[in-house]
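> One-letter residues, chain by chain:
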Amino acid sequence: MKELEALSDFTLHLADSALILGQRNAEWCGHGPILEEDLAMANNSLDLIGQARLLYQQVAEVRGNHCSEDQLAYFRDESAFKNFTLLELPHSTALAPSAKGQRDYAVTVARNFLYSAYMVGIWSSLASSPSLAAFAGAVHEVPLQNAKALQWANLSANLKAVAAKSYKETEYHLRHSSDWVIRMGDGSAESHQRIQQAFHHLMPYTQEFWTQQHPAALQLDMPSIKAQWDVTVSDVLSEATLVVPSAQGFLPTGTRGVHSEHMGFLLSEMQGLARAHPGAVW
Amino acid sequence: MKASPSERLPNTESVWALLEAVTDPEIPVVNLREMGILRNVEETATGFDITLTPTYSGCPAMDQMVDDVQSALHAAGLTAQVKIQLAPAWTTDWMSPTALVKLREYGIAPPHPRPVTSNNSTTSNAPPGGSPSLQKVTFSWRRNLTASDPIACPQCGSLDTTEISHFGSTACKALYRCLGCLEPFDYFKPY
Chain A
165 MKELEALSDF
175 TLHLADSALI
185 LGQRNAEWCG
195 HGPILEEDLA
205 MANNSLDLIG
215 QARLLYQQVA
225 EVRGNHCSED
235 QLAYFRDESA
245 FKNFTLLELP
255 HSTALAPSAK
265 GQRDYAVTVA
275 RNFLYSAYMV
285 GIWSSLASSP
295 SLAAFAGAVH
305 EVPLQNAKAL
315 QWANLSANLK
325 AVAAKSYKET
335 EYHLRHSSDW
345 VIRMGDGSAE
355 SHQRIQQAFH
365 HLMPYTQEFW
375 TQQHPAALQL
385 DMPSIKAQWD
395 VTVSDVLSEA
405 TLVVPSAQGF
415 LPTGTRGVHS
425 EHMGFLLSEM
435 QGLARAHPGA
445 VW
Chain B
309 MKASPSERLP
319 NTESVWALLE
329 AVTDPEIPVV
339 NLREMGILRN
349 VEETATGFDI
359 TLTPTYSGCP
369 AMDQMVDDVQ
379 SALHAAGLTA
389 QVKIQLAPAW
399 TTDWMSPTAL
409 VKLREYGIAP
419 PHPRPVTSNN
429 STTSNAPPGG
439 SPSLQKVTFS
449 WRRNLTASDP
459 IACPQCGSLD
469 TTEISHFGST
479 ACKALYRCLG
489 CLEPFDYFKP
499 Y
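Line by line, the protein sequences are chains A and B. To convert, note that position 188 of the first sequence is 352 in my numbering; the numbers rise steadily by one, no gaps. To convert, note that position 120 of the second sequence is 428 in my numbering; the numbers rise steadily by one, no gaps.
Careful, some of the hints might be misleading.
As the list claims (entries may be wrong) - Partial pick of chain A residues on the chain B-facing surface, computed with a CB cut under 7 Å:
id	residue
1	Asn207
2	Leu210
3	Gly214
4	Gln215
5	Arg227
6	Ala325
7	Val445
Hints were generated in silico from the structure; no laboratory data involved. Beta carbons: idealized from backbone N, C-alpha and C, even for Gly.
The shape of chain A in the complex, shown without the other chains:
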């Protein structure tokens, strides 16, 4: 069943994006610019990693064969990850940043803003998707022996459920990052220049939001999600006295498993412990 595979792959992409940004933002834990923001980023990461877990559990269910959320997070290699390239980039506008020394909170804020403004549209569309609801509702009509059809109905129902929860969390991520974009943009000369530079650096990576292929069965209205995203971005950036930079340039390819040079370092930090001690538990 090709459709089941497509929906499962899309769920995996959503999970990978949540996990990779969760891992990146967790770098601030204990290193935040101020205590409140240290806590905010830790909580933001908890939400994202929680969303990733719920989504990985759905994918593992479909794959069967002893697949688990841990296996998907810790024992897949770089090319198997389908997250947006945007989310794996270091917190820096430098082209070759050093490992720790050059983290810039403006990049963190700009990325969280661009991504959560996008995900608010995706989650709310999935949560209210008539096709997902119809597939999920068909669960009682499916003959029990038709395992694939049953998996399809279950995956649809659970994806819709996770989307409804994640939407509420993403609303807060968007509110938090919008506030900081405005605070930095309409702040000092230094903060203005840094957040503007962050948007110049990151904006081309948002092209991947719109070039990605979605499962046809979902009937996602991408043009209207994009129109809403454009409005949010221009509203917030204009209040922040920033210019909306061009998104033109090199087309990122993370959703196809072809990542930036930063991805390998992120994965080795995230997966090292699980691979050195397979089966380790808390």
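Since the structure of chain A is provided, determine the placement of chain B on it from the hints.
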């Protein structure tokens, strides 16, 4: 706690009563039913099915709640299976009126009702320009100057309060400061 109607034959009512003692690990003054996390108790052939619904996706207290429910029932000699139900998604609107009072007495400003205009799972994605999820974008400090729905300080009741950070000690709370009594406090955010 209500007395079990029969010592020998526990029924769902006595399990509900038993679970009144299981509190939120982060907010020990409210129990799981008052929080809207405990959704259902059902008797099965082998024991009881307890249905919980998770709060925030990444809430670290969730596993603790499952453990607490299980050990409460085991301590009473009952066999229970805890089921996690994702939909419908938990909302702070499910908190009981008692929970709201207890939260305030504990020093946490209780959540306001979720705005009805907010986009949720039953309404469709709004057309461009509507921006339902993000009303007027304004840096919180300015927004609070004209807030139509101010958060009351749980200590002195003053409405002259201001937000310090969207995220407080946990993801579900924001950090506020009262400009009346000058004390900081947590606000349980509408979810």
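> Does each hint fit the structure? Answer for all of them.
Hints versus structure:
| no. | hint | in the structure |
| --- | --- | --- |
| 1 | Asn207 | 4 Å, holds |
| 2 | Leu210 | 4 Å, holds |
| 3 | Gly214 | 3 Å, holds |
| 4 | Gln215 | 5 Å, holds |
| 5 | Arg227 | 19 Å, violated |
| 6 | Ala325 | 4 Å, holds |
| 7 | Val445 | 12 Å, violated |
In terms of the numbered hints stated before, the structure departs from hints 5 and 7, listed from lowest to highest.
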